[in-house]
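Sequences and hints are given; from them, build the entire structure.
Heads up: the protein sequence lines correspond to chains Z and S, in order.
Position in the first sequence (first residue = 1) + 167 = our numbering.
Position in the second sequence (first residue = 1) + 307 = our numbering.
For the record, the hints were derived by calculation from the structure and aren't laboratory data.
Keep in mind the model is a prediction, meaning the values are calculated, not measured.
Some chain Z residues judged to face chain S by a derived CB distance under 7 Å, without partners named:
| id | residue |
| --- | --- |
| 1 | 251 |
| 2 | 261 |
| 3 | 270 |
| 4 | 285 |
| 5 | 323 |
Now the stretches of chain Z that chain S is said to cover, found in silico as 3 or more residues with beta-carbon under 8 Å:
| id | segment |
| --- | --- |
| 6 | 218 to 228 |
| 7 | 240 to 248 |
| 8 | 271 to 281 |
All C-beta atoms in this analysis are idealised placements derived from N, C-alpha and C, irrespective of residue type, glycine included.
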Amino acid sequence: MDDDGYAVRAEALEKRYGEKRALDGFDLAVRAGTVHGLLGPNGAGKTTAVRILSTLIRLDGGRATVAGLDVARRAREVRARIGLTGQYAAVDEVLTGRQNLEMFGRLFHLGGARARARAAELLEQFDLTDAADKGVGGYSGGMRRRLDLAASMILAPAVLFLDEPTTGLDPRSRGEVWESVRALVADGTTVLLTTQYLEEADRLASRITVIDRGRAIADDTPDGLKNLVGGDRIEVVVAERTDIPRVVKVVARVADGEPDADETELRVHAPVTDRVAALTDVARTLQDEGVRVEDIGLRRPSLDDVFLRLTGHRTEKEEPAA
Amino acid sequence: MSALDLTAPAAHGRAYWALADCWNIVRRGLTHYRRQPVNIAWQLGFPILSVLLYGYVFGSAMTVPGGGDYKDFLMPGMFVMTMAFGFINTATVVVHDSTKGVIDRFRSMPMSSSAVVAGRGVTDLAVACAELGIMMLTALAMGWRPDGGWGFLAAFGLLLWLRFALIWIGVWLGLLVPNPEAAGGLFAVAFPLTMISSIFVAPQLMPDWLGWVAAWNPISSTAAAARDLFGTPVGGGGSWVERHALLMAGVWPLVLTAVFLPLAVRRFQRLSR
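So, in structure tokens, the structure goes:
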């Protein structure tokens, strides 16, 4: 099944749309049984990569295998081994949750009896039993996404593609989807997860590939990427400009590097490793010294920070695709 | 993990699964109507309203060349209009499925990809049968009295044959237009296209050039052939296409299918680009 322990391999993938190179020599290797994050801004090529690997579109150059099978030559066999959950929930909104899963089960050629049994099993697993016989049109965003995940899991696929599974979800629904993904991986499914959020990749993935302009520009563990941008930072905002030098001195005692001071925003920040201890130390010292603090906290490095460090340019903000 | 054995049975060949997949897509389409029966009412609303408006409000002011009651002339035209507007329904469902990602999910599954389109077509024909049934009952209630027998069945068949041809225009447009809202705008195009035909008024009563266009409108041939077969007033017309309505009611849908079926299939294949 696997290709030397890799569930997904892509070498020098090319995909052109007219003049635009959506993928420009993209490489990827995903170890079987892991969650692999594909991190990048809108338009970087994440979705194009997933669509090629899930056999939805043809590649213009390079080679890709999923579960050891060439996606171009053995598409039908690949399809029997993958699950795909897109940016929007690709379930039927008119049917009920149960009718959806039974229909997809029959289309996966399980036959009526097994399709019904599998639907019941998945509704239970994804905590949708209570809403099973209600129309999907009335589901919350999180429920819909869970149903979409369940539909992707009907054949217990070897590889699951999750294309921005939590985009547009509120924090609670996001947490629910994360829980479901963790449970799937515990059962041995390999997951390729695309996301714009470093935090999401950090929470779920054991390895992250950063993609920019159709190329992989970094491939590392979440900790490795965060170390690259200096990890978490402590951030203090003061009320008086004259306090800034004192704050810099206090922060410098716990920081890993030289604190940065922003005179106009009255903000001092510096990288820290011992996060909570550093925060309490700085907060207590500033209080003892009588400095008026407007805000104090820990800031995680964002995708913007990773990008800035890796590419030297900020992520280009675009409207999410409809 | 599942307690079930999830391996697909290998006992069946590709053709079996293509048919089974198609049937499952049809089941889905019919379940939609079962869950939202009001949709049929929406689709029939306009033709039924037209029957009432044209039959009762304008009816007394309408004349049928060659004689006969206008209501009898109108009814087969309404059946044709119901079939003609069907392509909007096809396009709307297809554009929904393609923009919401349902078609992508089907394409990522190990099912027959032709079943996605074929299943749509069979569903639409089944719904068209139901719509024709309801329209005909309405017409009978209003005093329409067609000839029975083989002529009736042949007319029914020609109406479905037109609807079959329009499925491919619907699928093609559904994959072409960018969003469901745009599909709603198709009605504005379809309405004048159905008016400039023999559905409401005999073409010979129109200005020469317009009458010529109306007579050559493919749906006019189906309307004229159906009127002839139902034994209701045909409304005359001496041009070649009007004298050969029965032939053209068979030929036009064939031509439309020959043009738009390949276009629809190509559009579907282009999704892989």
